[in-house]
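Asks: Protein sequence lines correspond, in order, to chains D and W. So the first sequence is numbered by the numbering used here: it starts at 1 and just counts up by one. So the second sequence is numbered by the numbering used here: it starts at 1001 and just counts up by one.
Don't read these hints as lab results, they were simulated from the structure. Incorrect hints may have been included.
[What the hints assert, rightly or not] DSS-like, lysine-lysine: derived pairs with alpha carbons at most 30 Å apart: (1) 1012(W) x 1067(W); (2) 1089(W) x 1069(W); (3) 1012(W) x 295(D); (4) 1123(W) x 44(D); (5) 1067(W) x 295(D); (6) 1054(W) x 1012(W); (7) 1010(W) x 295(D); (8) 1025(W) x 1067(W); (9) 1012(W) x 1069(W); (10) 1025(W) x 1010(W); (11) 1089(W) x 1123(W); (12) 295(D) x 1069(W); (13) 1054(W) x 1010(W); (14) 44(D) x 1089(W); (15) 1054(W) x 1025(W); (16) 1054(W) x 1069(W); (17) 1067(W) x 1010(W); (18) 1054(W) x 1067(W); (19) 295(D) x 1054(W); (20) 1025(W) x 1069(W); (21) 1069(W) x 1010(W).
The primary structure of each chain is shown beneath.
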Amino acid sequence: MSTMNLNGVSRPENQSKNRVTHLSFVRSIMLIARREFRDALSSKWFLLYTIAFTTLAIGVSFLSLAGSGEHGFAGFGKTAAGLLNLIMLVVPLMALTAGAGTIAGERERGTLLYLLAQPLSRTELLLGKYVGLAIALICSLCIGFGLSAGLLAWRAGGVGAGSFLMLVVFASVLALSMLSLGVLISVQSRRAGVATGISLFVWLGLVFLSDLGLMAGTVLFKLRVQEVFALAIINPLQAFKMNVIINLNASLDVLGPVGMYASQEFGESLPWLLTGVIVLWCLLPLAVAIMIFRKRGGI
Amino acid sequence: MIEARHITKKFKRVLAVDDLGFDLKIGGSLALWGSNGAGKTTLIRCLLGVFPCKGTVRINGIDVRRKGKQARAQIGYVPQELAFHDDAKLGSAMRFFANLRGVELAQAARSLHVVGLNGHESKRVRDLSGGMKQRLALAIALIADPPIIVLDEPTSNLDSSGRGEVVDTLLRLREQGKTLIFASHRPDEVITLADRVLVMEQGRLVQQTTPEALWPSRSSVRSVRLFIEQGDEHQAAEILREGGFAVNHGNSGLTVAIEQHRKAEPMNHLAARGITVRDFELLRDVHDDDEPEIRVRKEQISEVLR
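Start from the sequences, fold in the hints, and give me the full structure.
Replies: Put into structure tokens, the structure is as follows:
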């Protein structure tokens, strides 16, 4: 190795004045989160998603109200059931694409290097971006749900508001789990376009292909009902769907033998099991993303 | 004190930095001199802890690999070209970095004043000229008054007046006792700003010296790029170095820094040792940017060498 000693001009009186500081772990995360939140709010994609979700949520509420017109307003409960499929389609799409663009976008624009050259750890940067996006996503959902709820309260009163509120909570947790998955895709991708493409493919897999795969697997491998249930709830969307149905005080029998098995086998603990699955989907991809982002090094 | 030991960085099969080390005391100024692909930028990223690498880097006793955040708090970094959210306003960018560094907003204003950007706070980053962006990067680097400033070819995208402004600011910082590490392939910057020079070539440290030793006559230094048959390039670089020339062996020929009135000397030196110069070009002079780059074709070489 070639080593050299370089004797610079020493100016101790000046250097002694330098008291460089750095932010704590939490303050760094909050600072990045605030910036990410602000950036998300000004992003056209986010605006588009919020408008689309709000429009669809209000549309479903109107249809629910109109459909129940002859028999009186069914209110929040009926609308919550109507919103279930909408949430399962739109919320994962919003969260996956938002997460997928976050690190890959910074990487592509060259801003990631500049941020990493600051007194900031990779974990702080990633968590900060996650928290910022999570808050922005939940705000976006709350706008859609809020306007829909306002309409319902005005037209149908507050009947079933509890179920509706729980739907908002479940949808938010689902969004967080999909955001984690999106962030995991993002740390692995060099380009934002590639990350978005992968996230769309994952979305397609979770929303459509997993159901088809499960059906095909059940027929081909003659799976038992407990195996089908276990495979079904691996998909966070299915776990979310079952949880919402239980929350609406509906019977899981509507889901066929698997639903009946789940009700009988797990009883009161089923909602906790399903919630646990979704929470795991929030934590695991994020933990893996942090691990990869830290280990990967470079930009 | 900055201590770098056995720094090695490999990208798949390419060795970008090869077992390089140096010490730099506080208040010193170190230039990393070399052509494109010499490994300067990679070395800077290793020093910042942005690239994981083999070896150790200590910034004022703090190990960059173990405590990167604390180490980077000691450093202000100026990239080749500022990459920050284009939609952000200059004022809000400064606020963000002031908060990130844990300093008061008044310090951000002072920092903008130092680089002459006060009054531009409402401009968006995308609306700034190249020179203004570079000064903004410098303002951000200075925001917390860190003892060390690391710059990666800070003037490479600037015109001569923009370059002059940045160099003047850096000179003032040197006088204030800041430690500077900067990458450059411009002899004039190295001469003006550095105490010492690490001459890098293809990731290796080939020379460790002073600007005076590299360019005894500080005036009118020019860069000449020589194109030699590929198999002979390495030998030619060695011959020139042995002859006392400052040489960079890059991806596109050999770059030799030479005084204005001695431009043919490296070619004569090589010709005397049986190495044929296929082509050469004069790189832009450090003082006359408006002149087009002059390229001399093969048939003209004999006349120049005569």
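Asks: Can you name, in rising order, the numbers of the hints this structure does not satisfy?
Replies: Violated hints: none at all, because every hint is consistent with the structure.
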